[in-house]
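Take the given structure of chain A and dock chain B to it, following the hints.
Chains as they are written, first to last, in numbering that gives the first Met the number 0: chain A, 0 to 593; chain B, 0 to 176.
None of these hints come from the bench; they were simulated from the model.
Given the structure is predicted, the values throughout are model-derived calculations rather than measurements.
Just so you know, even glycine gets a beta-carbon here, dropped at the ideal spot from N, CA and C.
Some hints could be false.
Claimed, not checked - Not the full set, but computed from the structure, chain B residues with beta-carbon under 7 Å of chain A:
1) R61
2) N119
3) I131
4) G132
5) A135
6) F138
7) T157
8) L162
9) G165
Unchecked claim - Only pairs whose alpha carbons sit at most 30 Å apart, straight line, appear in this in silico DSBU-like list of lysine-lysine:
10) A:K21 - B:K160
11) A:K163 - B:K160
12) A:K200 - A:K112
13) A:K21 - A:K91
14) B:K166 - A:K163
Residues per chain, in single letters:
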Amino acid sequence: MNPAYILGISCHYHDAAATLLKDGLVVAAAEEERFTRRKHDPAFPVRAIGYCLENQGIGMDSIETVVFYEKPFVKFERILHQHMEHFPRGFKTFQMAMPSWLSEKIRFRSLLKKRLGYRGEVLYVDHHLSHAAGAFLPSPFEEAAIVTVDGVGEWTTTAYGTGKGSDVELHKEIRFPDSLGLLYSAVTAYLGFSVNNSEYKVMGLSPYGRMERSPGGGNANPYYPALRQVIDIKEDGSYRLDMDHFLYQHSDRMPSDRLCRLLGGPPRDRDGELLPRHMDIAAALQMITEDVVLSILRHARAVTGSPNLALSGGVALNSVCNGRILGATGFERLWIQPSAGDAGSSMGAALFAHCAILGRPRTYRMEHAYLGPGFDSGQVAAFLRDRGIRYRRFPSREALLAETAGLLHAGRVVGWFQGRMEWGPRALGARSILANPCDPDMQAVLNDKVKHREAFRPFAPSVCDEDADTYFECDSPLPAPADFMLMVYPVRKEWRARLPAVTHVDGSGRLQTVHRDRNPLYYDLIREFGKLSGVPMLVNTSFNIRGEPIVCGPGDAYRCMMGTGIDCIVMEDCLILRDENPDDMWDSEAGAED
Amino acid sequence: MGPLIWIGRGARAAGFAAGWVAFTLMLALASRLFGWGPGFSDFSPYALAAIGLCAGGFAVRRWLGERGPSTPTGTAGFPSGYRVHRNHRKPSPGASLRGLAGEVRAGAILFFRGTAACNNFLLLSLTYFLGIGLSALLFRMTGQRREAKRRGLPGAETYWKDLNLGKRDADAYFRPF
Numbered sequence: 000m001n002p003a004y005i006l007g008i009s010c011h012y013h014d015a016a017a018t019l020l021k022d023g024l025v026v027a028a029a030e031e032e033r034f035t036r037r038k039h040d041p042a043f044p045v046r047a048i049g050y051c052l053e054n055q056g057i058g059m060d061s062i063e064t065v066v067f068y069e070k071p072f073v074k075f076e077r078i079l080h081q082h083m084e085h086f087p088r089g090f091k092t093f094q095m096a097m098p099s100w101l102s103e104k105i106r107f108r109s110l111l112k113k114r115l116g117y118r119g120e121v122l123y124v125d126h127h128l129s130h131a132a133g134a135f136l137p138s139p140f141e142e143a144a145i146v147t148v149d150g151v152g153e154w155t156t157t158a159y160g161t162g163k164g165s166d167v168e169l170h171k172e173i174r175f176p177d178s179l180g181l182l183y184s185a186v187t188a189y190l191g192f193s194v195n196n197s198e199y200k201v202m203g204l205s206p207y208g209r210m211e212r213s214p215g216g217g218n219a220n221p222y223y224p225a226l227r228q229v230i231d232i233k234e235d236g237s238y239r240l241d242m243d244h245f246l247y248q249h250s251d252r253m254p255s256d257r258l259c260r261l262l263g264g265p266p267r268d269r270d271g272e273l274l275p276r277h278m279d280i281a282a283a284l285q286m287i288t289e290d291v292v293l294s295i296l297r298h299a300r301a302v303t304g305s306p307n308l309a310l311s312g313g314v315a316l317n318s319v320c321n322g323r324i325l326g327a328t329g330f331e332r333l334w335i336q337p338s339a340g341d342a343g344s345s346m347g348a349a350l351f352a353h354c355a356i357l358g359r360p361r362t363y364r365m366e367h368a369y370l371g372p373g374f375d376s377g378q379v380a381a382f383l384r385d386r387g388i389r390y391r392r393f394p395s396r397e398a399l400l401a402e403t404a405g406l407l408h409a410g411r412v413v414g415w416f417q418g419r420m421e422w423g424p425r426a427l428g429a430r431s432i433l434a435n436p437c438d439p440d441m442q443a444v445l446n447d448k449v450k451h452r453e454a455f456r457p458f459a460p461s462v463c464d465e466d467a468d469t470y471f472e473c474d475s476p477l478p479a480p481a482d483f484m485l486m487v488y489p490v491r492k493e494w495r496a497r498l499p500a501v502t503h504v505d506g507s508g509r510l511q512t513v514h515r516d517r518n519p520l521y522y523d524l525i526r527e528f529g530k531l532s533g534v535p536m537l538v539n540t541s542f543n544i545r546g547e548p549i550v551c552g553p554g555d556a557y558r559c560m561m562g563t564g565i566d567c568i569v570m571e572d573c574l575i576l577r578d579e580n581p582d583d584m585w586d587s588e589a590g591a592e593d
Numbered sequence: 000m001g002p003l004i005w006i007g008r009g010a011r012a013a014g015f016a017a018g019w020v021a022f023t024l025m026l027a028l029a030s031r032l033f034g035w036g037p038g039f040s041d042f043s044p045y046a047l048a049a050i051g052l053c054a055g056g057f058a059v060r061r062w063l064g065e066r067g068p069s070t071p072t073g074t075a076g077f078p079s080g081y082r083v084h085r086n087h088r089k090p091s092p093g094a095s096l097r098g099l100a101g102e103v104r105a106g107a108i109l110f111f112r113g114t115a116a117c118n119n120f121l122l123l124s125l126t127y128f129l130g131i132g133l134s135a136l137l138f139r140m141t142g143q144r145r146e147a148k149r150r151g152l153p154g155a156e157t158y159w160k161d162l163n164l165g166k167r168d169a170d171a172y173f174r175p176f
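Bound conformation, chain A alone (with noise of 0.2 Å):
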């Protein structure tokens, strides 16, 4: 019997992907910006889908259904109704939006046609639902509360409901333009940076402000009750924004002058210098987002009456809120998919059509994010030598490990490129930059030589599974997020002045667990480098240019550490040194772009 194909697309607004589904499992699934090179790339996600293709060596007519992840009308109904409901401020907004929604997004089915050739089936699942269905079909969970918080959907802009068994339903909702996630991106841009690309920096920042709630004392925020004037939140979770702080709605701009004004002044320039009034406000913006997320879940606890706790939307990308869930709502395990924004959509909905729509047996459980396209050892050294790229092959695993854990024990920053992409937004040891967390000056290096990026921004640790409590105040058992880089917890006292890389500003890191039956070099690679340091834990950041997606070929990995400070790559079994290949360097920086 032929296997049954499903494939599930997310596109049009941000992060397009794809995921394919054979007999239910899932086989392969990509974001469409690291094949175009385009951050967060909204597009058609034509090369991701042919990326599944291949992978699976069929063509579309083995497809059985397509999955959309949303409702493209009902969120055209919305969009009209802003209009309609602001008229005429949206006058250049409706300019902006309209050509591309009248030539593509409500006109998917003929997208599909056009660009694939396929007239099959064609399914809608909508938005907050994908999203549901990303959290809770792919958990090890048989049955859990879920709760779904993003920017906007069709109309919801968060949810909660529960999942039993191949069945997800979502109870009850908060509609458009009360949004979590806008207030977030209202603020980030406020602080003069990119929406929908740059509210984890926010978040970074934020340790950096006073975290204290109470008026009066030396520590108290004087910005969070200003921005509690913006959100009336209830005791279950529900909220409802102040419109007259924000222009979403009807304009290209995010926060209103009024919002400005609470805030003591104009928005940030983009390049403006980072003042100690902003890392303020970006501390009482997290604080605010986890007074709501954390009083949401408890809500969701006390109707679901469920331990366990699948989370998905944009906002569940906030490790540092993540990191308190377990010990601030009474759920006792947690799951959250690794891709949990709208590409993590594409998974979702194909899933529910397997499951919800088709009726079929519910067999597939993520364990791992590496679903990405793959090169073997073959690949990489017919490509470098075809390039006349200087490099040297590794006699065997224990050479390439010995030799990798000395670079870095050196100092060196270490390019490592193996097996099958990471899914998701973080780097998890397949497309990683790694660096030692003992170096005092690794942070610096790595901001100002290699990433070019603010020097704020703290790194991550990737430390071995068994490993994670001896290094970090962490919930017991360690939840599964854990092994996606989604939960951020203190590091112990003792050990911050010896991992003066991966600890942030106030003591915490965003810790990568790494288990040896799942990727088995990168645990090895870690224990390898444990022995020349004394501690098992690598600085794990992503490989790429700033402004850029993660690398996903081995031109592009080549391309990064030619443009940058990196010292070599390990491409599978091929070592490339960059001062051996003097000819290619070149700046990323000039042109760089967040």
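Relative to chain A, chain B alone:
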């Protein structure tokens, strides 16, 4: 690379000019069909109108924040930054001609993108003020109470609304609404 870039730019300018000429001829033909203007006896007003529409379109694109007049890159120029992965395969003899043809095409596309942007602006403005405007008037006459009900009144006990979104009949998933 110096002379090659200039040749490419020249080809692109030639393509732009070709687009301009073609659009001018189309306007002249259209005006002759409708009996407006001087027809084929004097092309200058049509040429001015064509370039005006194109320039207007670029102005609209700039106002909307689109990044300059976007052009598909031909092969004569290289993007800044990393130039090439060193590749020991030599380019084929036909590559230069194909590259030049690409630049001419790019120039023509650039012209028509401008006129299309202007055209879109005019049509969408009409739709906005007539379609959205009239609907907005009706909405304001009846919608205030609905809006308050939709969002929940400030001071309500809860802002959660019923959603009850779960498995439905299969037909519901075949619809994009």
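Hint numbers not upheld by this structure, sorted from lowest to highest: 1, 10, 12 and 13
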